[in-house]
Amino acid sequence: MSNNGITRRNVLRNGAGVVAAGALSAPMVHAQGTGGTLKCGFWDHWVPAGNGIMRELCAEWGRANRVEVNVEFITSVGNQNLLTINAQAQSRSGHDVLSFPTWEPAAKHELLEPMDDVMGRLAQKYGAVTPAAEYLGKVGGKWAAVPAVSGTQLKPACTRFDLMKEHAGLDMQAMWPNKAERGPGADGWTWEAFAAAAEKCKAAGVPFGLPMGQFTDAVDWVGALMNSYGAHMMDARGNATIRNNAKLRQAVEMLVRISRALPDDVWAWDDASNNRALISGRSALIFNPPSAWAVAKRDQPQVAEKCWYAPAPAGPEGRMVGYLPYFWGVWSFSRMKPAAKGLIEFLSERPQAERQTNTSSGYDIPPFLSMSDFKIWETEGPPTGFAYNYPVKPHQNQTTSVAFAPAPAEFAVQAYNNGLNTKLIARIVQGGETVDQAMGWVERELTTIRRGG
Amino acid sequence: MAADGTLAVPTAAGAGSGRANTLQRFARRRSTIAFLMTLPLLVVVVGLVGYPAAYGIYLSTLNRRMTGFMEGDWLPTGLGNFEILFDSDTFWMVVWQSCIFAITAVLLKALIGFWLAHMLHHIPTKGQRKWRGMLLVPWVIPPALSTLGWWWMFDPSYSSINWILNIFAVPAVPWLGEPWWARASVIIVNVWYGAPFFMIMYLAALKSVPEQLYEAAAIDGATSWQRLRYVTLPMMANIISITVLFSLIVTFANYDIVRVLTNGGPRDLTHVFASYAFQVGILSSNIPRGAAVSLFMFPILAVCAFFVLRGVTRRNKEQM
Amino acid sequence: MSATAANRGIPGIYHKAGSLRAERRWALWTAYISLIIACIIFLAPPVYMLLTSLKSNAEISDLTLNPWLIRSPTLENYEAILGNPIFIRFFINSAIVTTCVVVLTMVISVLAAFALARMRFWGSQVLATGVFLTYLVPDTLLFIPLYQIVGGLGLLNSVWGLILVYPTLTVPFCTWIMIGYFASIPKELDEAALIDGASWSQMLLKIFVPVAMPGIIAATIFAFTVSWAAFVYPTAFVTTAESMPLTIGVVSQLVRGDTFAWGQIMAGALSAALPPVIIYAFLMDYYIAGLTAGATKG
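Residue numbers (the working numbering), protein chains in the order written: chain P, 1 to 453; chain A, 1001 to 1320; chain W, 2001 to 2298.
Please keep in mind that the hints were generated in silico from the structure rather than gathered at the bench.
In silico SDA-like links for lysine to any residue, alpha-carbon gap of 20 Å or less:
{"hint": "1", "chain 1": "A", "residue 1": "Lys1130", "chain 2": "W", "residue 2": "Phe2282"}
{"hint": "2", "chain 1": "W", "residue 1": "Lys2206", "chain 2": "A", "residue 2": "Ile1033"}
{"hint": "3", "chain 1": "A", "residue 1": "Lys1207", "chain 2": "W", "residue 2": "Met2284"}
{"hint": "4", "chain 1": "P", "residue 1": "Lys297", "chain 2": "W", "residue 2": "Glu2059"}
{"hint": "5", "chain 1": "W", "residue 1": "Lys2187", "chain 2": "W", "residue 2": "Ala2198"}
{"hint": "6", "chain 1": "A", "residue 1": "Lys1126", "chain 2": "W", "residue 2": "Arg2024"}
{"hint": "7", "chain 1": "P", "residue 1": "Lys125", "chain 2": "P", "residue 2": "Glu354"}
{"hint": "8", "chain 1": "P", "residue 1": "Lys142", "chain 2": "P", "residue 2": "Gly120"}
{"hint": "9", "chain 1": "P", "residue 1": "Lys306", "chain 2": "W", "residue 2": "Thr2064"}
{"hint": "10", "chain 1": "A", "residue 1": "Lys1126", "chain 2": "W", "residue 2": "Arg2025"}
{"hint": "11", "chain 1": "P", "residue 1": "Lys39", "chain 2": "W", "residue 2": "Pro2085"}
{"hint": "12", "chain 1": "P", "residue 1": "Lys39", "chain 2": "W", "residue 2": "Gly2154"}
{"hint": "13", "chain 1": "P", "residue 1": "Lys306", "chain 2": "W", "residue 2": "Asp2062"}
{"hint": "14", "chain 1": "A", "residue 1": "Lys1207", "chain 2": "W", "residue 2": "Arg2024"}
{"hint": "15", "chain 1": "P", "residue 1": "Lys375", "chain 2": "P", "residue 2": "Lys393"}
{"hint": "16", "chain 1": "A", "residue 1": "Lys1126", "chain 2": "W", "residue 2": "Phe2282"}
{"hint": "17", "chain 1": "A", "residue 1": "Lys1207", "chain 2": "A", "residue 2": "Trp1131"}
{"hint": "18", "chain 1": "A", "residue 1": "Lys1207", "chain 2": "W", "residue 2": "Asp2285"}
{"hint": "19", "chain 1": "P", "residue 1": "Lys297", "chain 2": "P", "residue 2": "Ile376"}
{"hint": "20", "chain 1": "P", "residue 1": "Lys393", "chain 2": "P", "residue 2": "Ala180"}
{"hint": "21", "chain 1": "A", "residue 1": "Lys1130", "chain 2": "W", "residue 2": "Tyr2280"}
{"hint": "22", "chain 1": "A", "residue 1": "Lys1126", "chain 2": "W", "residue 2": "Asp2285"}
{"hint": "23", "chain 1": "P", "residue 1": "Lys138", "chain 2": "P", "residue 2": "Pro114"}
Over 12 Å on every C-beta distance to chain A, these chain W residues come out as not near it, computed from the model:
{"hint": "24", "residue": "Ser2056"}
{"hint": "25", "residue": "Ala2080"}
{"hint": "26", "residue": "Asn2084"}
{"hint": "27", "residue": "Arg2089"}
{"hint": "28", "residue": "Pro2214"}
Label-pair restraints from in silico Cβ distances:
{"hint": "29", "chain 1": "W", "residue 1": "Gly2197", "chain 2": "A", "residue 2": "Tyr1051", "range": "39 to 47 Å"}
{"hint": "30", "chain 1": "P", "residue 1": "Thr447", "chain 2": "W", "residue 2": "Leu2050", "range": "46 to 54 Å"}
{"hint": "31", "chain 1": "W", "residue 1": "Ile2070", "chain 2": "A", "residue 2": "Trp1096", "range": "37 to 45 Å"}
{"hint": "32", "chain 1": "A", "residue 1": "Gly1133", "chain 2": "W", "residue 2": "Arg2025", "range": "20 to 28 Å"}
{"hint": "33", "chain 1": "A", "residue 1": "Lys1130", "chain 2": "W", "residue 2": "Asn2084", "range": "32 to 40 Å"}
{"hint": "34", "chain 1": "P", "residue 1": "Glu68", "chain 2": "A", "residue 2": "Trp1092", "range": "48 to 56 Å"}
{"hint": "35", "chain 1": "A", "residue 1": "Trp1092", "chain 2": "W", "residue 2": "Glu2076", "range": "45 to 53 Å"}
Positions of the beta carbon are idealized from the N, C-alpha and C atoms, including for glycine.
Chain P extracted, bound-state conformation (with noise of 0.2 Å):
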């Protein structure tokens, strides 16, 4: 970096003079303007050509902004982003701009740069943020990193409507159609509906595949269902609220009820094996976005013509779907603020938010409320239009839910990674544990995280 400064530096003194200026004057924000290196981790993402308009939009923001952008990716298989945001806090040195998943940048909130200042920008032109973003990315009133774009994603249900039609007697591209209203039937589409659903479809031989694991997948669907039930394991002081709280009981029942519909091995299933099970036939529903689809395009097409997006169903208190974003964040510790800063605002702007979703086949979900519009989720097939109900959108009547929510991050993110919730249902399925006992039970290791924190 030092190195590349002063080559820099001597090319400016040998009179390069038109091009300084120039340089000085490019709209690279607030920097000190000499370029250096600026070191990215992104996501490594499921849509194999999610990774290349990062690189792609990286590097035109680098040429007129006289920047290297350096961009690497970071897989989160076994957990490796979190390994790596682990590492760097611990050696206080690493990337630049790095991403964030889900309940890091509220974990992390003390080392990271705070992003008012884009937030703001950017909230001015394009208006509210999805409601769970905020509630993640911003601690004690400041934004500490800004919610991303690419690898954010929602989980509804990729449903093949044949097979849905067949087993389960319902109809879902005539429920959510692709245009922005409900069809006949839509207003039942709620996790009763869905329960028997899925018992139909496992004596047909199609179960749905909801993984019941430790993974985002897993730890997701589980906990937008229960917060459709209203139904919370700590609350925002940090106080476990398992005793005596009947709508938790009745999330859990209904869980139970689910999870006898399903494979006998979801226990173990990683955020691939729900794909698989689409994949291969063998599944009428996963909770997932659009990547699984687009691997069954590619290898198994008669499977992709079938697929067909639905939003979460709806339980006693909303409707609910997980959502699993991911945050750019600036270590306060970087010496490349304002320039990662100039970099997060540049890919956060819709024209390049809407190039980031286009190349991943509709996966990314931007986080501004007024960028559901895009193109690409009503024109994308086989089927056409199959996932314009993919994102958001204001007909759905649907809002975006975070497992764990509303704990304070430092607790939320050890039950979260430790997949408290599917682990409190497999002990009742599984285990053979009464309710009672499941509950005591996750009740122990709320208070352990609490202890240990």
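Fit chains A and W to the supplied structure of chain P, relying on the hints for placement.
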């Protein structure tokens, strides 16, 4: 071997007494040279094992943010992490799983290894090299990589093992989904990886049993079972015990197979000490508690190490 | 499987003396049958990995096909892997780390083993025992404090951090093998050398190293395989793809979150396993000598 090495020296010094003067100077310089030669080794042993071990003990007494000692409710300050572990169901489950895992896997490895070594020993010497070469392959591939292959063979939707089972009308097995199957899978992979090592050790031991002993036994009319019981086993007892104890240590501390195959799931029922320490210490960034978890391996390993060491010195004495 | 075969086999061997030839033939049959079964089980996973690596994604994801057969073999997975710059990077990292560690290990352990086997000095016996004990300390016991130490030195995410810590895995055992080899060299040799006025370094380089060459090769192979296959330390200390060695690179980077890349994963895993397998194919006897050093020497 330690005894062997150090005993060599007096003989050397005694033999050269004719030139006492030179040798004395030599001896004076010798210890300096010897010390310098062992210095890098000392640095490795003290700096990379001794110091981290002590530092690990210190770490385990700190609180999560490492700003002070971890307080306990009923244990004195500094032992709070251990107290939390004692109170945690998950931790006790991990202890018990590690023990089941290590004991079952080592037993199976020893039995299979012994059987295969015996079979190899039976066939004509000409063919032995070829068979030995093939049977040692699992041990040669880095376990993290071969476990990837097993993982794919255990995949819920695409399991090729289940495909074979289906031919024989056996229902599909939820290899990694059901706790007992998941534990069995981890053990199977570990046995697959480790059995060749036992085989090769036992084969070496079998070859060192003098042929005359068998001939004598045959003349006495001993059956093959009796030959095994009264000739082979006693001759191999030492190697068997050292190999088993050594493998117990390695298996007990295993990490890569669990990490790749199950990552501790379903619901922590396949975690062993190492993977749980990793989960708690590095993934959940609670370094002190992670250090506390891995320290629990120490007493068990120390017991094994004591017996291994005793076995080694006893063997040395017998050989001399 | 073989264990159950064992239980069945033993009463079978139990025959009256006299029908010695029949017993021999029977034993031979049992031996070959169990070896064949064992070979099938032992070789099935690598073979299946090879098969998968030669299939296209569409073929892998088609459930109607026999997974143990290939319909249309393709090299596309290997092309993708070997054309992937990050995979080449992993390979280079592994090569750098392994080479440095092997050289470092051999220098440290040959010097120390010579001193411990041939020169008596204060505490040498304690040290020899200590070295052996260190070998019994598994890497998973110390990786957390080492994580802090390596982090404190600013060597997380660096191959130098790995080169620093790997010797804990290799040095103790290699020293132990070398002590065994050196101790087995007749004392007359060094007495003669001493009387001829050879210095200690001459004695080591001219006499001990050449004579103990098989031991040195065995120890080198051991150090090579251990540092090539090391998993715990790189998982904990290296998180950027840039400085990952092969094992952890294949496990963490090729396994993509939720897509099908099994062909590539298997191709990557097999390519990563190739160097130890090649060494083993050519130097099997040294390899086995290294493995069994603990049993036959001691």
